[in-house]
Amino acid sequence: KAGVTQTPRYLIKTRGQQVTLSCSPISGHRSVSWYQQTPGQGLQFLFEYFSETQRNKGNFPGRFSGRQFSNSRSEMNVSTLELGDSALYLCASTTGGELFFGEGSRLTVL
Amino acid sequence: GIQVEQSPPDLILQEGANSTLRCNFSDSVNNLQWFHQNPWGQLINLFYIPSGTKQNGRLSATTVATERYSLLYISSSQTTDSGVYFCAGRGATNKLIFGTGTLLAVQP
Chain A
0 KAGVTQTPRY LIKTRGQQVT LSCSPISGHR SVSWYQQTPG QGLQFLFEYF
50 SETQRNKGNF PGRFSGRQFS NSRSEMNVST LELGDSALYL CASTTGGELF
100 FGEGSRLTVL
Chain B
318 GIQVEQSPPD LILQEGANST LRCNFSDSVN NLQWFHQNPW GQLINLFYIP
368 SGTKQNGRLS ATTVATERYS LLYISSSQTT DSGVYFCAGR GATNKLIFGT
418 GTLLAVQP
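Protein chains in written order, with the numbering used here: chain A, 0 to 109; chain B, 318 to 425.
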């Protein structure tokens, strides 16, 4: 059974640009959540989707958005990138309360 | 919001030693899990342990939900156990809250 797949794995952007990250959950999992990891703030919850509906949202500015498609794949978008958005972005799919993480997308903003 | 404190923050062990990592929650949580973050950043599931005790090889975990803490035991540590260990749980807002992590270094 394939795990959680995140693309791209690495990317470099400049300030002011936008970025879209993709996450394909484990087959059969309908819940997807996103997290940001930085050295200063640790692991922080961004948002969670279930059956195409945002179920929960963390304390991030409106520049951070996401969505989920009918096949449970999810995307998150960050607009008007800032240097502080440089981070590892992790996606997880959930079943029965247990989370399974992908390998992450490492974003560097220059 | 809920605070999740992990101790110790850093730990250096010689190969073969045993260790106990602790996770304390400031309030009740559900769906407690332990993860090991590998050098490439991926969070690897160790245990899904809302309560009770589980064992998997050299690792075991115990959660005492009524006292708001969880313990991760590593026995006969190996260099491949090195990395950061996180606990996480869902609070009343149903958001997953991560602990601050324990950085483990196992020396040969």
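You may find that some hints are simply not true.
Below, computed lysine-lysine pairings styled on DSS-like, alpha-carbon distance capped at 30 Å [stated by the list, open to error]: (1) A:LYS12 to A:LYS56; (2) B:LYS371 to A:LYS12; (3) B:LYS371 to B:LYS412; (4) A:LYS56 to B:LYS412.
Which chain A residues stay away from chain B? Per the calculated CB distances, all over 10 Å, these [to be verified]: (5) GLN17; (6) SER32; (7) GLN43; (8) LEU89.
If you're looking for bench data, these hints aren't it; they were derived computationally from the structure.
Just so it is clear, CB atoms sit at the ideal spot from N, CA and C, and this is done for glycine as well.
Going through the hints against the structure:
Distance restraint check for LYS12 of chain A and LYS56 of chain A: the Cα-Cα separation of roughly 25 Å lies within the 30 Å cut-off, and the hinted pair is therefore satisfied. With a C-alpha separation of about 43 Å, the suggested pairing of LYS371 of chain B with LYS12 of chain A is violated against the 30 Å cut-off. Between the alpha carbons of LYS371 of chain B and LYS412 of chain B the distance comes to roughly 24 Å, so the proposed pair stays at or under 30 Å and holds. The straight-line distance between the Cα atoms of LYS56 of chain A and LYS412 of chain B is roughly 8 Å, inside the 30 Å bound, and the hint therefore holds.
No Cβ of chain B comes within 10 Å of the Cβ of GLN17 of chain A; the nearest lies about 22 Å off, and the non-interface call holds. Distance check on SER32 of chain A: its Cβ comes as close as 7 Å (rounded) to a Cβ of chain B, failing to clear the 10 Å threshold; non-interface status is violated. For GLN43 of chain A, the requirement that its beta carbon stay farther than 10 Å from each beta carbon of chain B is not met, with the minimum near 8 Å. Consistency note on LEU89 of chain A: stated as away from chain B, yet its beta-carbon is not over 10 Å from all of that chain's, at 7 Å minimum.
The earlier numbered hints that this structure contradicts are 2, 6, 7 and 8.
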